[in-house]
Amino acid sequence: MSYQHQYQDGTAVGLPLGKVVCVGRNYADHAAELNNPIPTEPMLFIKPASSVVPMAQPFRLPTGHGSVHFETEMAILIGQPLSHATEAEAAAAIAGVGLALDLTLRDLQGKLKEKGHPWEKAKAFDGACPLSAFVAAGAVADLQNLQIRLRVNGEVRQDGNSSHMLNKVLPLISYISDFFSLQPGDVVLTGTPAGVGPVVAGDQLKVGLGDLLEVETSAV
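Note that the numbering used here has the sequence shown beginning at 133, numbered continuously upward.
Result set (EDC-like, lysine to aspartate or glutamate): computed pairs, CA atoms no more than 16 Å apart in a straight line:
id, residue 1, residue 2
1, Lys151, Asp258
2, Lys338, Glu287
3, Lys151, Glu252
4, Lys338, Asp291
5, Lys300, Asp274
Computed beta-carbon distance windows for the label pairs:
id, residue 1, residue 2, range
6, Gly196, Gln336, 21 to 27 Å
7, Pro213, Pro330, 34 to 40 Å
8, Asn293, Gly242, 24 to 30 Å
9, Glu246, Ala220, 39 to 45 Å
10, Glu348, Ala181, 20 to 26 Å
11, Gly242, Ser295, 28 to 34 Å
12, His296, Gln336, 25 to 31 Å
These are computed hints drawn from the structure, not numbers from a lab.
No residue lacks a Cβ here, since even glycine has one placed at the ideal position from N, Cα and C.
Given only the sequences and the hints, what does the whole structure look like? Please build it.
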């Protein structure tokens, strides 16, 4: 399944699909549920463009590598080049706001962490980033007051608010741009609130971002 950045009304954004820059443990309650220490600065990792699939379509789970966990996140679409950007420049570069599932091979991740190895195999595999359509940035009144929700088979599994981020969106984008130049079409995932857990084939998921966006999808 091919992915193309789109706005919620189905129109094309007109930006190429780039890399996905993610921040780990950006909600204290999520760090606590996995018995991880809270980082003192943003903990970054990257998913390649090949990890992105359309959230609105059923997404395929990898097999043979242990449990797959869902992590629901607010996604920020970058519309202008950013390098060593100020927060004001970061704000001006946001082309849209959407949702992502940061799919994680949790068993494999645990083994890699035990050995002190990088996480890429557990986080950056093909299909590891189901991504929604985007709401235009101008339609979002406050990036730091959006509810992030996930229901699995009708049961609420995640229900957090972006106000609880340890690293707020604009400082986070500015920080990222000090290390990785962000290009039009890149996406920043802003971390997941507590409630992550396993997803299996046949699960029906409903993901929401405040009253701006709701997406129904399923795992196969």
